[in-house]
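J.: Listed here are the chains, written in short residue letters.
Number of protein chains: 2
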Amino acid sequence: MSTTHVPRLILSRVREIQNDHRSGSLALARRAGQILAQWTRLPNRRADFHRQLALVCRALIAAQPQMAAIVNLCNAAQRAADRSPHADAARASVRAAVDGFLQTVQMAATEIAQTAATLISDRMTVATHSYSSAVRDALLTATAAGRKFRVAVTESRPLQEGVLLAKELASAGIPVTLGVDAAMALLLKEADLVLVGADAVTETFLLNKAGTFPAALLARRQGIPFYALAGSEKFAPRNYRLPPEIAKQPSEVLPRTPRSVEIRNLYFDETPLKLVTAIITEKGALDPKQAVRRLRKLSLHPALMIAGQGEEVPEE
Amino acid sequence: MSTTHVPRLILSRVREIQNDHRSGSLALARRAGQILAQWTRLPNRRADFHRQLALVCRALIAAQPQMAAIVNLCNAAQRAADRSPHADAARASVRAAVDGFLQTVQMAATEIAQTAATLISDRMTVATHSYSSAVRDALLTATAAGRKFRVAVTESRPLQEGVLLAKELASAGIPVTLGVDAAMALLLKEADLVLVGADAVTETFLLNKAGTFPAALLARRQGIPFYALAGSEKFAPRNYRLPPEIAKQPSEVLPRTPRSVEIRNLYFDETPLKLVTAIITEKGALDPKQAVRRLRKLSLHPALMIAGQGEEVPEE
Chain U
105 MSTTHVPRLI
115 LSRVREIQND
125 HRSGSLALAR
135 RAGQILAQWT
145 RLPNRRADFH
155 RQLALVCRAL
165 IAAQPQMAAI
175 VNLCNAAQRA
185 ADRSPHADAA
195 RASVRAAVDG
205 FLQTVQMAAT
215 EIAQTAATLI
225 SDRMTVATHS
235 YSSAVRDALL
245 TATAAGRKFR
255 VAVTESRPLQ
265 EGVLLAKELA
275 SAGIPVTLGV
285 DAAMALLLKE
295 ADLVLVGADA
305 VTETFLLNKA
315 GTFPAALLAR
325 RQGIPFYALA
335 GSEKFAPRNY
345 RLPPEIAKQP
355 SEVLPRTPRS
365 VEIRNLYFDE
375 TPLKLVTAII
385 TEKGALDPKQ
395 AVRRLRKLSL
405 HPALMIAGQG
415 EEVPEE
Chain R
105 MSTTHVPRLI
115 LSRVREIQND
125 HRSGSLALAR
135 RAGQILAQWT
145 RLPNRRADFH
155 RQLALVCRAL
165 IAAQPQMAAI
175 VNLCNAAQRA
185 ADRSPHADAA
195 RASVRAAVDG
205 FLQTVQMAAT
215 EIAQTAATLI
225 SDRMTVATHS
235 YSSAVRDALL
245 TATAAGRKFR
255 VAVTESRPLQ
265 EGVLLAKELA
275 SAGIPVTLGV
285 DAAMALLLKE
295 ADLVLVGADA
305 VTETFLLNKA
315 GTFPAALLAR
325 RQGIPFYALA
335 GSEKFAPRNY
345 RLPPEIAKQP
355 SEVLPRTPRS
365 VEIRNLYFDE
375 TPLKLVTAII
385 TEKGALDPKQ
395 AVRRLRKLSL
405 HPALMIAGQG
415 EEVPEE
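These protein sequence lines map, in sequence, to chains U and R.
Each residue of the first sequence is one higher than the one before, starting from 105 at the first, in my numbering.
Each residue of the second sequence is one higher than the one before, starting from 105 at the first, in my numbering.
Because the hints were derived from the structure by calculation, they are not lab data.
All values derive from a computational prediction rather than experimental measurement.
There could be a bad hint or two in this list.
Treat identical chains as interchangeable: a pair holds within one or across any two.
[As the list claims (entries may be wrong)] In silico lysine-lysine, DSS-like type, Cα no more than 30 Å apart, as pairs:
(1) K352 to K271
(2) K378 to K293
(3) K393 to K293
(4) K352 to K252
So here's chain U without its partners, still in its complex pose (with noise of 0.2 Å):
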């Protein structure tokens, strides 16, 4: 018996990553962060203990491919455990690196809310898309500095995260105006700017919520600066190829999928770097092509290369 399994355990916590299709990247990097803690508290066999990490760390970029925290804080925990060939100082050395790594993200998150409510000042209206949680900190952080402004955001089917998004914002004394993701143009007609998140970001585009890409365009055609809010953490590795996104379920989109249609439900889509105007990162408001150069690091770890949604993992 000398395959490598993970454990039952650690593999349903996996798919319950994977089928969260509400939380946004960085609360699914914290769950991830949280797995692979858990996973090294666990009684393993020593000989095994890169390989099945190696594993664990697959299964959960596999479950979430377009989301680059996980990826990231996969790729930290594997080049951890590599400095250290034995599984025990392995073991302190992997929790270590993601205990360094969440931190990291959150002072980063701290830091991006603070650059970008700088942007915003009295009387504009910051236009968004679905739900971002760097959006989201960045307006209550231009809040709590006094700053008088609205906020207009599209509610992102099929899931209407941005529904909630200016649920939170409006209980935080925010005006905030919904309509339609179809009646983008016309909520951004009267923007001053627009904010997004990022689930990633390569050398050429930005992933986000499907809608940032025509929002994008539509600023652009307006004239107004779209800022896209991302740590470093968000930036791909070099050789990590997202994987083309697997549709998720048509009963999203509707109850019942009408007879001969195919309904096709894909949640991402790609923002060429040109159209954003800056990203804002724990480092500051950077060009694009500046940011991925200064902030995408690491290359992805060799034994994290095959790693792509869909792929079998054995169990235990």
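Given the coordinates of chain U, work out where chain R should sit on it, guided by the hints.
T.: Structure of chain R alone, referenced to chain U:
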């Protein structure tokens, strides 16, 4: 008692048009024509005929002020009445003008479907947004001509007319893919051309269901042609100013408006004619500027000038 009134029966039918947010603009113009014809058959004071006609026309225009076909229908009726100062002759003229208008529209629709169908060849993917009877007819005509192609449709929130189109096309044996409006970039990515309808064409823009403008920007970005299908009845008269759209019921967007959130439910966006490859008219495929020059012939009758949505019409 010299006040001119519109018969209650007519007003109640006009209100049905006002509250109909699902029918296309040609279907609405047809019903507006029926209402005008019905009105000419009602007993009314001869001395009042012309003034009452203007009131009925203004009520019809105000009911759906974005629908150029209704404006042009009313304009034709009012001009016909002008040519006959006597009520009985005017009555017949109005009826003939309405009949003539609707017949012309019908013939134009057939021409447009045939011209647009020639744009579609085997193995193409045609993208469209919302429900346009002109686009539907073009697709059915292409199918009837033996063309094998696919259609990609966006649902068109809030009322999802795109779902209806998808169903109708599927019933006709056309392979059809349906997606949410936010996923427009993803659906268009595989398209070879975009066909949309029009509610109005002005000197500078195409008014159509919200989502059309981002679709045009995406098509331009992607280098695929973007065609609007519009008969001459869709070209707004020279001096008709499209009034600002009045927001529709928030309950169409969400059953319950979340506390402190303002829902803005707008139906129409403006696509600059510069983004339109050609307008397919009953005179063939025309460059948009040329189409406006050739097809926007009449100016609005002075009696209809003050028409605007929400205008009060004295009741009988």
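J.: Any of the earlier hints contradicted here, and which numbers?
T.: none
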